[in-house]
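Q: Required output: the full structure, derived from the provided sequences and hints.
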Amino acid sequence: DAKTTQPTSMDCAEGRAANLPCNHSTISGNEYVYWYRQIHSQGPQYIIHGLKNNETNEMASLIITEDRKSSTLILPHATLRDTAVYYCIVRVGGQAGTALIFGKGTTLSVSS
Amino acid sequence: NAGVTQTPKFQVLKTGQSMTLQCAQDMNHEYMSWYRQDPGMGLRLIHYSVGAGITDQGEVPNGYNVSRSTTEDFPLRLLSAAPSQTSVYFCASSYSGGRRSYGYTFGSGTRLTVV
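From first to last, the protein sequence lines are chains A and B. The first sequence begins at 1 in my numbering and counts up one residue at a time. The second sequence begins at 1 in my numbering and counts up one residue at a time.
What the hints contain is simulated information worked out from the structure, not anything from laboratory work. The beta carbon of each residue, even a glycine, is placed where N, CA and C say it ideally should be. A hint or two may mislead.
Said to hold, decoys possible - Short, incomplete list of chain A residues facing chain B, as computed with Cβ under 8 angstroms:
1) Ser41
2) Gln42
3) Gly43
4) Pro44
5) Tyr46
6) His49
7) Thr98
8) Ala99
9) Leu100
10) Ile101
11) Phe102
12) Gly103
13) Lys104
14) Gly105
As the list claims (entries may be wrong) - With a straight-line Cα cutoff of 35 angstroms, these simulated DSBU-like cross-link-like pairs (lysine-lysine) come out:
15) A:Lys52 with A:Lys69
16) B:Lys14 with A:Lys104
17) B:Lys9 with A:Lys3
18) A:Lys104 with B:Lys9
19) A:Lys3 with A:Lys52
20) A:Lys69 with A:Lys3
Claimed, not checked - Negatives, chain B to chain A, calculated, CB over 12 angstroms:
21) Pro8
22) Gly16
23) Gln22
24) Asp26
25) Asn62
26) Asn65
27) Glu72
28) Pro75
29) Ser80
30) Ser84
A: Encoded structure:
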């Protein structure tokens, strides 16, 4: 199963774009990259996922490098409510299908 | 549409007691998973399932049992509670492959303390 590496913490000014990097150099061809975030002690919230093309939704954009060894999550206009732990995850497979393996994530602090 | 419902929200157990954490989803999701999160740590996968009758172990399965008799329910059983199992437990569900969205929906968690 592919592992991910993320910076421990990042800071961002309110209103600016937050760019969160993730390395997944051992990802296999059919594994998706997922991004989730966890605000305080709530359950994780799905943000976005992708395979090899860049993706955008109402929350964020996901940029995946052509060799798929790294990706960047972009929050275009960060707000104080975006302060959270952000997890970059790849899917794992087994007898029961797939599940998510979480790493330590990046703690994003947005300040005014 | 309730999403993923976990009960109870809080529980205190004595060492050696057993209990079942309940998880139910009403989205007809095939995949369901259980995670634990210790203070200041990330989530660790306990057990997961792709449908009724099929389960598999995750990263930290010892001390826990699961079964999946219906699509909607995925209970987690603590066989003999230990203080090391004090944690927040999250249940999650998702559609299986072939759907447009593979995003997991998480419940709000069960906060368990073992004394």
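Q: Could you run down the list of hints and mark each one as holding or not?
A: Right, here's what the structure says about each hint:
no., hint, result
1, Ser41, "7 angstroms, holds"
2, Gln42, "7 angstroms, holds"
3, Gly43, "3 angstroms, holds"
4, Pro44, "5 angstroms, holds"
5, Tyr46, "4 angstroms, holds"
6, His49, "6 angstroms, holds"
7, Thr98, "7 angstroms, holds"
8, Ala99, "4 angstroms, holds"
9, Leu100, "6 angstroms, holds"
10, Ile101, "6 angstroms, holds"
11, Phe102, "4 angstroms, holds"
12, Gly103, "6 angstroms, holds"
13, Lys104, "5 angstroms, holds"
14, Gly105, "6 angstroms, holds"
15, A:Lys52 with A:Lys69, "10 angstroms, holds"
16, B:Lys14 with A:Lys104, "30 angstroms, holds"
17, B:Lys9 with A:Lys3, "32 angstroms, holds"
18, A:Lys104 with B:Lys9, "24 angstroms, holds"
19, A:Lys3 with A:Lys52, "17 angstroms, holds"
20, A:Lys69 with A:Lys3, "11 angstroms, holds"
21, Pro8, "15 angstroms, holds"
22, Gly16, "27 angstroms, holds"
23, Gln22, "15 angstroms, holds"
24, Asp26, "16 angstroms, holds"
25, Asn62, "17 angstroms, holds"
26, Asn65, "14 angstroms, holds"
27, Glu72, "17 angstroms, holds"
28, Pro75, "15 angstroms, holds"
29, Ser80, "24 angstroms, holds"
30, Ser84, "19 angstroms, holds"
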